[in-house]
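2 protein chains.
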Amino acid sequence: MASYTELLEKTAERNGSISCFGMDPAIEKIPVKGSNNCERIAKFYSEILAAVADKIAAVKPNYAFFAQYGLDGLRAMEAVIAAAKKKKLPVILDAKRGDIGKSSEAYSKEVFGIWKADAVTVSPYMGMDSVAPFIQWCGKGKGVYVLVRTSNPGAADLQQLQLKNGKDVFMETAAKVAEWHKDGVGAVVGATNTTELERIAKFFAASGKRMPLLIPGVGSQGGSAKDVAAVLRKIYGNTMMHRINSSSAISYAYEKTGSSDYVGAAEKAVDGLNSEIGL
Amino acid sequence: MASYTELLEKTAERNGSISCFGMDPAIEKIPVKGSNNCERIAKFYSEILAAVADKIAAVKPNYAFFAQYGLDGLRAMEAVIAAAKKKKLPVILDAKRGDIGKSSEAYSKEVFGIWKADAVTVSPYMGMDSVAPFIQWCGKGKGVYVLVRTSNPGAADLQQLQLKNGKDVFMETAAKVAEWHKDGVGAVVGATNTTELERIAKFFAASGKRMPLLIPGVGSQGGSAKDVAAVLRKIYGNTMMHRINSSSAISYAYEKTGSSDYVGAAEKAVDGLNSEIGL
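Chains as they are written, first to last, in our numbering: chain A, 346 to 624; chain B, 346 to 624.
Note that these hints are calculated values from the structure, not bench results. On a predicted model such as this, the values are computed, not experimentally measured, just so you know.
Straight-line distance between alpha carbons at most 16 angstroms, and here's what the computed EDC-like set of lysine to aspartate or glutamate pairs gives:
| no. | chain 1 | residue 1 | chain 2 | residue 2 |
| --- | --- | --- | --- | --- |
| 1 | A | Lys527 | A | Asp474 |
| 2 | A | Lys509 | B | Asp513 |
| 3 | B | Lys454 | A | Glu373 |
| 4 | B | Lys461 | B | Glu450 |
| 5 | A | Lys512 | B | Asp513 |
| 6 | B | Lys512 | A | Asp513 |
| 7 | B | Lys509 | A | Asp513 |
| 8 | B | Lys454 | A | Asp417 |
| 9 | B | Lys447 | A | Glu373 |
| 10 | A | Lys454 | B | Asp417 |
| 11 | A | Lys432 | A | Glu358 |
| 12 | A | Lys454 | B | Glu373 |
| 13 | B | Lys509 | A | Glu517 |
Next comes chain A alone, as it looks inside the complex (with noise of 0.2 angstroms):
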């Protein structure tokens, strides 16, 4: 069976990408009718994968955005899934789970057995017993990004503080990351701070082992994609591991264009993206 992060490189190589597209249905925002929302969600979540779906190295559907509408929204999220899932593309669960051993193996059920994403966002204020029946996942080929330096301004609150032992609570975090590491294990990395996020691909690749980046934050959050791509690239050279995340600047580009044409709006928008990340 193959690896998550073979799956991550295959279907970078096949598509000449590294972009994520993140999905945040907001109803109000968007321009599909239908008879309930789950229709709407997926109708035009499938729209705009049906014309990106070769030009995109992955999916981030965000569990909160979904089941703020209940089941209704949870029904879409599932179909949106599926859709993504024919196109071969890897669907990364956005959920920052994190809960007690026996809560994350629940979870874990969750995510990949019921949803059948291929990876998941994790939290790791609870520590390793909280993470690794996640990461016991990835020997059936899935994938786990656990958060190190998020894109929020409050992401200073907690993991910027300095302890004792001279390093900051992000990059303890990624040392841990790295000692709890398997093939399929990766980070989440906010790309709103560059600065650290150099330290911390640093940091992983000299650790010598394969970690995939997941770097939230371009677009609607004020990351850029082209600063972002050049310390990976930098850093790793031309890896087809890793990936650059934007959600509401591809799916509601349509709204700075005048037009109702969201799916043309969001190819142009992915266009964009990866002419910036210059692959």
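Given the structure of chain A, go ahead and fit chain B onto it with the hints provided.
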């Protein structure tokens, strides 16, 4: 409108208990027949609830354990929450969420808007703006428990690291939570380490802020309700604000009796917990 803290106190006074009944459905342990998982899980907990509702002071459905059964499991969660609310019990949805601002906002809509929980558990790793959208709901009578010191062994990995300023990470988290405080904000502190529980409780008591504690980890995780209650009594006197949670030791108490009378066994387990706490 009553605040969440007032709801906690009122319920504890009415029922003479600060016990919280945690719900972690594992279908293979549920000796109830039914045509699907939803029916079996909902029936099991509703029956136990009918017997113990006036002896407990909150319920804590664990999202992971319901969601591992997909939409069916989440429908059961909805039914169980409705049953608890009918009995006027505060519902703490144990979800440990935390994401960038917009995503946390979507999760807060899911938790409070869709599932109608009274309170939620959240993770602090992503900082203030990841917690703030939940705290916003405190103005509407909702509660938010931030993870401070969890009950699992892996808690040591990050939470117990020493900071340059001399504090442990979890005490720094406690300080942040006190700083972010509004009425309705509380903290999760595990029962498995009473020394740390005491340090945290003292700190919160000294802060002068009403900070309800949710204390899991008694029962199958090995914490002692008696010891926890002694710490609380020492610091707070006879407070009605905190909750000591027990999950599988109540739900699956019947397994140790050799009988299938899960309702009777659960009721005895609740009586035992209440008498250990000795309110």
